[in-house]
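Participant: Build the full structure now, drawing on both the sequences and the hints.
Single-letter residue listing:
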Amino acid sequence: MKCPGLVSEPAEFRGEITVEVSDAERMPEVCAAARTELGFDYLVDITSVDNYGEDPRFAVVYHLYGYGHLCWLRLKTFVSEEKGELPTVTGVWRTADWHEREIYDMMGLRFRGHPDLRRILMWEGYPYFPLRKDFPLAGKASDVPEVAFTSAAPLEGGPFVTVAGGKDAIAREPRSRVPEGEAPKD
Amino acid sequence: MARAEEIKFKDTAARLAGAAAFSGPPPAGEEPGELEGDRMVLNIGPSHPATHGVLRLVVELDGETITKVRPEIGYLHRGDEKIAENFTYTQFIPYTDRLDYLAPMANNVAYALAVEKLLGIDRQLPPRCQFIRVICCELARISSHLLGIGCYAMDCGAMTVFLHTFTEREKVHNLCESLTGARFTTAYTRIGGLSRDMPPGWAEECRKFLNEVVVNIEETETFLTRNRIFMDRTQGVGVIPRDVAIDYGLTGPNLRGSGVDHDLRKTHPYLVYDQLKFEVPVGTRGDCYDRYLVRMEELRQSVRIVHQCLDQLPGGPINVPDGKIALPPKEGVLTKMEELIHHFINVTQGVNAPPGEIYFGHENPKGELGFYINSRGGGTPYRLKIRSPSFVNLSILSWLLPGHLLSDVVAVLGSFDFVMGECDR
Chain A
18 MKCPGLVSEP AEFRGEITVE VSDAERMPEV CAAARTELGF DYLVDITSVD NYGEDPRFAV
78 VYHLYGYGHL CWLRLKTFVS EEKGELPTVT GVWRTADWHE REIYDMMGLR FRGHPDLRRI
138 LMWEGYPYFP LRKDFPLAGK ASDVPEVAFT SAAPLEGGPF VTVAGGKDAI AREPRSRVPE
198 GEAPKD
Chain B
12 MARAEEIKFK DTAARLAGAA AFSGPPPAGE EPGELEGDRM VLNIGPSHPA THGVLRLVVE
72 LDGETITKVR PEIGYLHRGD EKIAENFTYT QFIPYTDRLD YLAPMANNVA YALAVEKLLG
132 IDRQLPPRCQ FIRVICCELA RISSHLLGIG CYAMDCGAMT VFLHTFTERE KVHNLCESLT
192 GARFTTAYTR IGGLSRDMPP GWAEECRKFL NEVVVNIEET ETFLTRNRIF MDRTQGVGVI
252 PRDVAIDYGL TGPNLRGSGV DHDLRKTHPY LVYDQLKFEV PVGTRGDCYD RYLVRMEELR
312 QSVRIVHQCL DQLPGGPINV PDGKIALPPK EGVLTKMEEL IHHFINVTQG VNAPPGEIYF
372 GHENPKGELG FYINSRGGGT PYRLKIRSPS FVNLSILSWL LPGHLLSDVV AVLGSFDFVM
432 GECDR
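These protein sequence lines map, in sequence, to chains A and B. Here the first sequence is numbered in my numbering, starting from 18 and rising by one per residue. Here the second sequence is numbered in my numbering, starting from 12 and rising by one per residue.
It is possible that part of the hints are untrue.
In silico lysine-lysine, DSSO-like type, Cα no more than 30 Å apart, as pairs [stated by the list, open to error]:
#	chain 1	residue 1	chain 2	residue 2
1	A	K150	A	K100
2	A	K150	B	K347
3	B	K341	B	K128
4	B	K277	A	K93
5	B	K128	A	K93
6	B	K93	A	K93
7	A	K150	B	K335
8	B	K277	B	K128
9	B	K288	B	K277
10	B	K128	A	K150
11	B	K335	B	K128
12	B	K277	A	K157
13	A	K100	B	K93
14	B	K335	B	K347
Facing chain B, according to a computed beta carbon distance under 10 Å, are these residues of chain A, among others [claimed, not checked]:
#	residue
15	A49
16	D58
17	H80
18	F95
19	E119
20	Y121
Quick caveat, the hints were computed from the structure, so don't treat them as lab data. Every residue gets a Cβ at the ideal spot worked out from N, C-alpha and C, and that includes glycine.
Facilitator: And the structure:
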């Protein structure tokens with residue numbers, strides 16, 4: 018591949034080849050070369066790893082495969098937390114579209130030049146990036162759009178039905194509601 | 012109350028006059044030109060019978076023709092990858108049931124093989140374990156394709172096929188129940204083995220099922236393959252050319268329907284697939300009908316594989332002998348020191364994986380289910396990424412659907428045979 022000084026020596030583990038790309042800015046160039054010159058026509062997956070506490074913090078991992086030679090290749094590049102941005106490879110493989118949206122949604126890395134960089138699994142307007150290591154497993158409170166609770170449905174009521182209104186989702190839950198005729202706790 | 016003959020209907024001229032008075036006379040000297048209709052935005056799903064789960068499609072229509080499609084996913088997102096980072100490798104196995112919940116045993120096998128690849132023991136599994144795992148994968152494929160074809164036929168208006176294939180699918184679940192203890196949430200594999208061996212008489216039950224399902228497949232074929240209505244609904248609809256299928260990363264029957272001869276069981280054989288005889292069907296035109304034909308043929312090939320596995324099924328242990336990976340036998344734990352220590356460490360800390368990163372792709376019924384595991388050593392993955400086939404397969408919709416009629420949406424979605432459980436993870 019004609020990228021001198023840009024890619025590292027291939028490392029092998031369990032029969033898989035990993036190549037590190039030193040400059041994330043030149044990722045599209047490397048990917049285009051991998052596709053056209055090396056025949057990696059199938060982008061299996063793009064994913065990201067949060068190396069929390071290290072610098073650069075984020076690793077972006079590309080898995081490539083070629084239907085012509087039936088070989089896998091893993092490309093790896095790093096993005097620092099303050100930058101948090103790298104160019105898109107949607108111009109090389111169109112399947113990169115949703116993978117990059119997922120990384121943006123879950124890890125908060127922005128892909129410059131992406132045609133439609135929106136959240137994909139979480140809702141639009143969600144303030145956090147759940148796959149970061151500093152996000153707790155139990156989740157954080159956020160303002161959920163009040164879609165399901167805006168007004169009372171005609172069949173609303175009963176001890177096992179979530180009520181409309183209320184301060185937050187916990188207050189609407191039937192478990193936290195005080196049954197009628199009982200004194201409220203504390 | 013007025014009797015019918017007493018009701019006076021206005022005659023046509025009077026009705027026309029009334030209508031003209033209501034809407035006002037047409038402007039004089041102005042011909043009604045080309046109707047410039049506004050584009051209509053139609054919301055299909057997230058709860059709609061044709062979307063097979065909670066997929067939402069925001070469709071922009073010009074008349075009945077689709078001009079733009081925006082798929083919205085994530086309604087079933089449960090954060091499986093985050094959960095995996097906080098669990099030991101063994102604890103995560105039940106979560107893999109909930110990925111493609113129509114083929115849970117195939118997911119179990121895929122995940123176990125990925126972890127075993129990280130541990131470096133994927134080639135040292137006992138032969139009996141490997142054969143039983145292949146049987147599991149292929150039964151899952153039969154079950155998944157029976158559902159896929161049945162639901163697809165129902166989407167296209169043929170109710171009978173659905174009931175017909177579900178009769179056989181029920182038998183697969185009975186087999187699953189006697190093998191694993193659960194019909195859907197099987198959690199059958201363990202790292203380095205299986206949770207239990209086959210019960211006595213299971214192989215005969217399985218053979219009986221295989222002989223029955225072949226008849227059922229033939230009958231389903233007579234229902235659909237030369238059915239004029241089904242052919243009209245599916246032929247030439249949703250055509251994906253070979254290069255576009257590769258560009259969008261399609262896998263499984265959807266890729267092979269477009270004529271790419273690629274099956275991970277053939278190109279990168281894992282378990283004992285290299286010892287088994289089977290064919291990989293491929294389509295020629297890449298339309299919905301071809302994807303259906305590929306699934307139909309894969310059903311027959313799966314039956315063939317399970318037959319061979321049952322014929323060649325060896326005896327012996329089902330777990331690797333290393334107590335640091337698979338739980339040691341119970342009688343050993345109760346009587347010997349070393350086994351007790353292994354049991355304790357294995358349950359509390361999990362298997363001790365080396366640092367490193369691996370990707371393992373598995374040919375699931377829906378396509379390539381891949382697990383990328385980034386390990387820093389110890390019993391839990393540092394990062395586990397699930398490359399789910401349905402997620403990638405659905406990303407082509409915004410390219411594929413524009414230009415089709417609204418009624419084709421149902422035919423195209425059904426032909427993709429996706430599951431939102433693994434799409435949203």
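Participant: Please go over all the hints and tell whether each is borne out by the structure.
Facilitator: Hint check:
no.: 1; hint: K150(A) - K100(A); in the structure: holds (18 Å)
no.: 2; hint: K150(A) - K347(B); in the structure: violated (40 Å)
no.: 3; hint: K341(B) - K128(B); in the structure: holds (26 Å)
no.: 4; hint: K277(B) - K93(A); in the structure: holds (28 Å)
no.: 5; hint: K128(B) - K93(A); in the structure: holds (20 Å)
no.: 6; hint: K93(B) - K93(A); in the structure: holds (21 Å)
no.: 7; hint: K150(A) - K335(B); in the structure: holds (29 Å)
no.: 8; hint: K277(B) - K128(B); in the structure: holds (18 Å)
no.: 9; hint: K288(B) - K277(B); in the structure: holds (10 Å)
no.: 10; hint: K128(B) - K150(A); in the structure: holds (25 Å)
no.: 11; hint: K335(B) - K128(B); in the structure: holds (16 Å)
no.: 12; hint: K277(B) - K157(A); in the structure: violated (45 Å)
no.: 13; hint: K100(A) - K93(B); in the structure: holds (24 Å)
no.: 14; hint: K335(B) - K347(B); in the structure: holds (15 Å)
no.: 15; hint: A49; in the structure: violated (13 Å)
no.: 16; hint: D58; in the structure: holds (5 Å)
no.: 17; hint: H80; in the structure: holds (5 Å)
no.: 18; hint: F95; in the structure: violated (14 Å)
no.: 19; hint: E119; in the structure: holds (8 Å)
no.: 20; hint: Y121; in the structure: violated (13 Å)
Hint violations for this structure: numbers 2, 12, 15, 18, 20, all remaining hints satisfied.
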